[in-house]
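Visitor: One letter stands for each residue in the lines below.
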Amino acid sequence: MHLKLLVEALLFASPEPLASRQLLALLKDEGVKRAELEAVLAELQADYQDRALELVHVASGWRFQVRREFSTWVNRLFPEKIGRPSRALLETLAIIAYRQPITRGEIEAIRGVSINSSIVNTLKELGWIRIVGHKEVPGRPELLATTERFLNDFNLNSLRQLPPIAADEEQSAGQ
Amino acid sequence: MHLKLLVEALLFASPEPLASRQLLALLKDEGVKRAELEAVLAELQADYQDRALELVHVASGWRFQVRREFSTWVNRLFPEKIGRPSRALLETLAIIAYRQPITRGEIEAIRGVSINSSIVNTLKELGWIRIVGHKEVPGRPELLATTERFLNDFNLNSLRQLPPIAADEEQSAGQ
Amino acid sequence: MNAPPIAKVYGASVVALPENLYIPPDALTVFLEETFEGPLDLLLYLIKRRNLDIMAISVSKVTEQYLAYIALMETLKIELAAEYLVMAATLAEIKSRLLLPQPEAEVQEEDPRAELARRLKEYEQFKQAALLLDQMPRAGRDIFPVVVEPDLPFRPLPRPKLSLAELTAAARRLLVQAERFAIHIVARETLSVRERMVDILDRLRRKPQLSFTSLFDPAEGRAGAVVTFLALLELCRQGLVEVHQREPLGFLEVQSACT
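Sequences listed follow chains G, L and Z, in order. The opening residue of the first sequence carries number 1 in this note's numbering; numbering runs sequentially from there. The opening residue of the second sequence carries number 1001 in this note's numbering; numbering runs sequentially from there. The opening residue of the third sequence carries number 2001 in this note's numbering; numbering runs sequentially from there.
Bound-form chain G, shown alone (with noise of 0.2 Å):
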C-alpha cells in the first residue's frame, strides 16, 4: 500500500489533530522513517494546493482542514440556531444576576448541582459575565459579576433595575 495514501487515510479518518510521532506509532509495522513520513506529509500538503482543503500543522498535529476562503459557503450549513438557553445557563446567570459578585462555588450551593464549565464559558463568550476578582479563601476562586452588554441586552440602566426577588424585597423593606 502506497505510503502516501496510507497517512492520507489516517489523517482523513482521525477525529483529532495527528503528531508525527502518532503516525510513526501507527505506521509502526511498515516500519516507515520520519524522514519518509516527513516527504509524504510534503507531498500531501502540495497535492492540496488547488483544492478546498489544506494540510495543516496545529498545536496538535497535522489536519485536513477546509480553507478558510470557503467560511462563507461553510458557515450556510451551520446556520445559527437562536435556541432557548438551557436550564442551567438560565439560572447559573440569574445568580450571578441577583448575588454578585459571586464563586463558582457559591453558585453551586445555591443550585444544589455542580456547574458544568461549559456554562460559565459561554456566559463569558456571550458577554453577559465576566470576572471581577478573585475571592480570597483557599483556591482563589473567580468572582464573577455581570456586564455592561448584560444590562443592555436584557434593557437595564443598572442592576438596581433589576425586579425584586421576595428575600430582596423584604431587605428593602427592612432598610
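It is worth saying that the hints were derived from the structure and are not from the lab. It is possible that some hints are incorrect.
Pairs of lysine-lysine residues, derived as PhoX-like cross-links and limited to a Cα-Cα distance of at most 25 Å, are as follows [said to hold, decoys possible]:
id	chain 1	residue 1	chain 2	residue 2
1	Z	K2161	Z	K2095
2	Z	K2207	Z	K2121
3	L	K1124	Z	K2127
4	G	K4	G	K28
5	Z	K2161	G	K124
6	G	K4	G	K33
7	Z	K2161	Z	K2121
8	G	K124	Z	K2207
9	Z	K2121	Z	K2095
10	L	K1033	L	K1004
11	Z	K2061	Z	K2161
12	L	K1028	L	K1004
13	L	K1004	G	K4
14	Z	K2207	G	K135
15	Z	K2061	Z	K2048
All figures in this text were calculated on a predicted structure; none of them were measured in a lab.
Following the hints, put chains L and Z in place on chain G, whose structure we already have.
Guide: Same frame as chain G, now just chains L and Z:
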C-alpha cells in the same frame, strides 16, 4: 469561486451526507443548476479516483469516505472499539431489513426463539431501526423498520440495493 | 484391541471417560446458547451435518438426534430455553403422525413435515442474509465517513432568547428557596449594595489602591454614601478588600485583598 471547490468544501465540512437538493439550496445564491452540480460531482469523483478517499452516494446523499482497503490501518486509530455485533443482533437486523415493517413477535416466529429486548434496544440506539407504527392486533405491537442511517452506515442508497435472498426471489417469481 | 485414546493426560492415554468427569452444567448451557441461535439453528446444523436437503428431511433421524441432544441436556440437569423443548414436542408429534395410517379420505392432508421445512428454509435464508449484511462495507468498521473541520473566522455566539421575566423567575425560584433553607441571612444587602461592590472591585482592578473618599460620588448624596459604605463593609467582611489607615484619624486607603 470555482463551483467544484465550493461543493468540495461543503461535502467535507458537513457532518452528514448532503443530498443534491441540499447542495442546490446551499448554493442558491450562486444560481447553480442541477446539471452543473451533477457534472461537478462527477468531476470530484474522478479527482479522488486514486486517493485514499472516495465520493459516494448513500441514502441521505453524497459523502466523502475513506476507502475500505485502508480499514486495517484506520482501525488502529480506534483500538478500544466495541466488538462485533452478535449473530442474534445481525439476524434480527436482517429480518427487519428484508421483511419490514415487522413486529417483534413475527421476528421471533422466524428465528424460533424469543428476542432479548436488549437486542431491539441496541438496534434502536445504533439508529439502525425505528418504530413506524403499531400493528392493529391485540396488544398493538410496534412495527419495526430500518432507518436512513442504516442505509448510510451500510453504504447503501436504498433498500433495493440489499443483496437478494432466495426467499425473495421465489416470491417475486411467484407473483 | 484397545480402544483408541480419547485424550492424553500428563502423557498417559485415557481410553474411557472417567466416571466422575464433571462438566459444569453452565458450560454446556453456554455452549448451546452461544453456538446455536435457537432450536431451528440446531436443527439446521443436524440436517446440514448429514448433507440433507431441508425439503427431504428424514424426520425420524433428525428427531432422534435432536431428542438425544435434548435428553443429554436434561440428564445433566441443564435448564434449556423453553423453545428447545417446544421444538422437541413438535418433532415428536410429527413423527407420531407420520407413523399413523392416513385415512383414505384425507390423503390430501398436508405432510406435517412441510410446515417445519418451510420454517427451516425461511430461517436459513435469514441466517444467510445476516452473514451477507455482516460482510457489507460498514461505516466505522470498513469505511470511514470523513468530516473535516472548517477553518472559520470567529463568529460571535448567537444570543439565546431569554427575557428579563424568565431571569427574575429563575432567581426567585432558586434564591428565595435557597435562603429559606439557609441557616442565617448574612446581611441585609440590596442590589444597589451589590452593584456598588462590583464597582469597587472593578475600580481596584484598574487602580490597585483607592482612597476611601474617592469611592463616594457627592452627587449621590447621603444615600449614595450609605450604599458605598455598606458595600465596602461587605467587601471587607468577605475578605475581598482591605482597608488601611496609616495613622490615627488619617486617610483610609482601600486595596484589593489579593495584592
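Visitor: Taking the numbered hints from earlier one at a time, note which ones the structure violates and give those numbers from smallest to largest.
Guide: 1, 2, 7 and 11
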